[in-house]
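Kindly generate the complete structure, drawing on both the sequences and the hints.
What follows is each chain in one-letter form.
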Amino acid sequence: MLDVSLIRKQFPIFSTVNDAGKPLVYLDNAATTQKPWVVLESLSNYYRTLNANIHRGIYDLADKSTKAYEQSRGKVAQFLKVEHLEEIIFCRGTTEAINMVAHGWGMDHLNPGDEVLVTAMEHHANFVPWQVACEYSGAKFKVLPLNSDGSLNLESLKEALTPHTRMLAVTHISNTLGCINPIQEIVKIAHNNGTLVMVDGAQSVSFQELNLQDLDCDFFAFSGHKIFGPMGVGVLYGKRELLQEMSPYQQGGSMIYQVGEQKTTYKAPPHRFEAGTPPVADAVALGTALDFVNGIGLASIKDHHIQLRNYAWERLTTTDHVQLLGSPNQSAGIISFNVENIHAHDVATILGEAGIAVRAGHHCTQPLMDHLGISGTVRVSFSIYNDFNEVDQLIDALVTTRKIMA
Amino acid sequence: MLDVSLIRKQFPIFSTVNDAGKPLVYLDNAATTQKPWVVLESLSNYYRTLNANIHRGIYDLADKSTKAYEQSRGKVAQFLKVEHLEEIIFCRGTTEAINMVAHGWGMDHLNPGDEVLVTAMEHHANFVPWQVACEYSGAKFKVLPLNSDGSLNLESLKEALTPHTRMLAVTHISNTLGCINPIQEIVKIAHNNGTLVMVDGAQSVSFQELNLQDLDCDFFAFSGHKIFGPMGVGVLYGKRELLQEMSPYQQGGSMIYQVGEQKTTYKAPPHRFEAGTPPVADAVALGTALDFVNGIGLASIKDHHIQLRNYAWERLTTTDHVQLLGSPNQSAGIISFNVENIHAHDVATILGEAGIAVRAGHHCTQPLMDHLGISGTVRVSFSIYNDFNEVDQLIDALVTTRKIMA
Amino acid sequence: MRPELKALYQKILLDRAKSTLGFEKGPEAQHIIEAYNPVCGDQFKLFLDLDTDKVDHASYHGYGCAISKASTSLLIESIQGKNLDECRKLIDFFKQCMSGMATNPGEIYQALALSKEFPGRQQCAVLSWQAFENFIDGL
Amino acid sequence: MRPELKALYQKILLDRAKSTLGFEKGPEAQHIIEAYNPVCGDQFKLFLDLDTDKVDHASYHGYGCAISKASTSLLIESIQGKNLDECRKLIDFFKQCMSGMATNPGEIYQALALSKEFPGRQQCAVLSWQAFENFIDGL
Ligand SMILES: Cc1ncc(COP(=O)(O)O)c(C=O)c1O
Ligand SMILES: Cc1ncc(COP(=O)(O)O)c(C=O)c1O
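Protein chains in written order, with our numbering: chain P, 1 to 406; chain F, 1 to 406; chain C, 1 to 139; chain R, 1 to 139.
No lab work stands behind these hints: they were computed from the structure.
Ideal Cβ positions, reconstructed from N, Cα and C, are used throughout, including at glycine.
Quick list of in silico lysine-lysine cross-link-like pairs, BS3-like style, CA-CA up to 25 Å:
1. F:K267 to C:K116
2. P:K22 to C:K116
3. C:K18 to C:K95
4. P:K263 to F:K142
5. P:K22 to F:K64
6. C:K11 to P:K403
7. F:K64 to F:K267
8. F:K158 to F:K239
9. R:K116 to P:K267
10. P:K81 to P:K302
11. F:K263 to C:K45
Okay, the calculated beta carbon distance ranges per label pair:
12. P:G113 to F:H84: 41 to 47 Å
13. F:G21 to P:W37: 27 to 33 Å
14. P:S327 to C:P27: 33 to 39 Å
15. P:N147 to F:K67: 36 to 42 Å
What follows is the structure in structure tokens.
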């Protein structure tokens, strides 16, 4: 286990208390993570010493600002183990990254007769943009059914792929159930079929070491705010050859080669996809967040997540009236459950009163809820600053919940 | 004039020096403004005490975070004097705001036979998205020619509008020449013709008091980073009736009403247009930046800009070999010029060495450069922390430039 | 734990949430009103038969948390047999209770009003009432 | 002001930038290479006539700053009459000069190399050389 007390000291938010005076037990890390001092300092330092618009100015600050921004791109490239810097595009987050592909790539490459396949466990961000892209292009939108426990079935996948399937959109880790999809295998199956793969990495990037060259996926997206970085910045990775032939999703300053009255040409990637003033400070601070993660080590982080998850799964299994969803195998630090006859929101309110922050609802995965035949779940999701004691507090609060709601 | 020494104390960047050891004379405010302590503190405070994902959580932090975000929306609404909160959409900046309209609105409302009119002084951000939207929709893209000094000609505008003109895209203030366009009059002319108006407010929002109800424009865009706020956040204003019938430009979490396997419905504005995790901290800090501006007062700020501009214009006029562009009337704190026989980049490098940050180039207004028959300009742009003495330093450095390059 | 939590989830509210009073599908009803909260997925259908301007029969179906169920059940019971003017008065009274300004709110209304003390829960209390008000306004 | 600035804008570079040597349109040339910097708008056209693998005639036209003009003029002069192998060696030599690793760079190359001391200016020095290298690589 990580030294949690040491880690918590680096996160200022843990000195706050809630309205009921309780200290924070933050178990909503799949929604967003808390920020360490170094990231806040990085943000502030940027604005105090480097702030200038990038890629256009020929004075000191503009140059330093540009370098800091591009250096951060380098950190992301290393973090994801990708070969070419220009395969890393800064954007607002996972949602925008996927929209850039669904609409930017989709616009030119989807036609009537084509098919797009998404799994039924996708977050709305990797579901609805494809649905809309299909609507506009006339392509067929297909949803891959899941096993009854909500996990992916590779046999169904093979069956669902047709010669017309141009794109498979699949999440690396389910944000609701925590199950980890075998992306490498999935990509092989898809590529054998001539199908590209868009991987939603929102939940995997802070859980395990990644090597996109090994995964061999065509596109990959993640959000800075889910890996201790600021909100408002995220990353789209795309294979060089694909980005080179992809239309820009947005047009504006910094991405233009030459503007003519009737025709405009664009720069090469990555700049083609970064129109206008980007969130420079946030991008720089994301680099700092990745340094922070590397400092702890993703192997230790993964181990920490899994230990917490196993302990919580075990304790929840032996807690009366708790119904766990998903399966404990092959899964990250995310658990969904329900308490018999008590609505998830009522559970969350009572936990919240005890200072325990959990999420209740459909977690932006309505198709998965439909598949499981439920309207929502209570979800706990762990991070490096959580410990066993917090799991115990969760269990106690669930017992209290039953008492109050009985 | 504002009390510049007092104001400068609030901006930490002015304690830095450049590589040559010179203190910072920052005259590139049209590109981005520097940030006062209160804004940095607001950012940091958000992450230290409120950080949580918004609109979805039912615990303390999530609630406070959501309230801070929505409160900031209220501040923007007040700042722009708009009637309805839901007319304010947070996005990354001016560029994204315009893309949202060009593509989101354009997709449903532009058809072959329709026309879009943009002026030749537009920033690429209010030019290229319309060009592309026309390309996709089959509408005609038309560029309004300017007077020889680069200013707008209302007679030409009247002539250029046809019964097919669905949209007029026009900047409030030219980011290259500083000229102020009479938006209220322009909107009347356009509306009389049944044409909607998209106003690029990137340069006006930090210069003068705005009342969008009086201006009566249909869409208005600005960037937080040009008004002392963070990079990565900006605002699109749209009239309620127009937003209500507008398709979302991006799809994802938080903007969805209900997801079905074949059909998805969306929330009402503004949430329909804020897919995924927004830059919450940046939006909150933008609210703080607006408070800061209100504290100084836009009337004083405008006066300060104009005094600096008039003084600089006068001094530049009497400096040998300086060719001023545009006209001094009706213009904001932005001046473009060239030094005879010396390329703008060489000027900027020598000024930069003296600690004076200016911009050189086409300023993302290539169509305007073509119109003026030049390849670029040196641009100085003022803000609240600039003073007459800095203008004098600029003039001295220009004399030095001539000496070095002679 | 603050006393407000116990006062919110008090017996009268929980009993109401569990009661099956008025919980009944009415697919043939004259009017079917949807009350849906996209944030949490709570979803009720209100089934109404009007006799000119009087509520002849009302029932509801769907799912939601204890607060939204209790509140919906209360609504359905309260409007039974009322004319539209009375319904409007009832809605006003409900709003007053929720804002703490009613002089004599009654136990269950008081409990519902406490929802605003808890992050994101007030919406649960007002969900069906709002949908019903929108319906009446649109008549 | 640091001495580097004066050393960058020294007489030999400024003279070169102003010289009209090789500054001539060649619309009929065999090859027209575009050297364009989208950041600043600097834009040159290089006009080349090749005789099998030898540069028979070279000229350039366009506009840019003192650094990019001097550098382009130097390029055009240097490749005149050279064969492609020699051109490649020249490019390598230029790169070495720019990185400060050439043993005997010569005054004007040294001046150009100083561009990297100034924000955003190195691109001006290498613009045309890069375009020319890309052209040769693509032959
Ligand atoms: C699996 C998954 N995909 C996409 C998203 C959307 O990320 P963001 O809101 O940062 O764009 C999330 C988080 O909400 C997620 O968990
Ligand atoms: C007039 C004008 N429009 C649009 C923009 C683009 O703004 P942003 O880069 O913040 O999207 C700018 C600034 O670069 C501008 O000056």
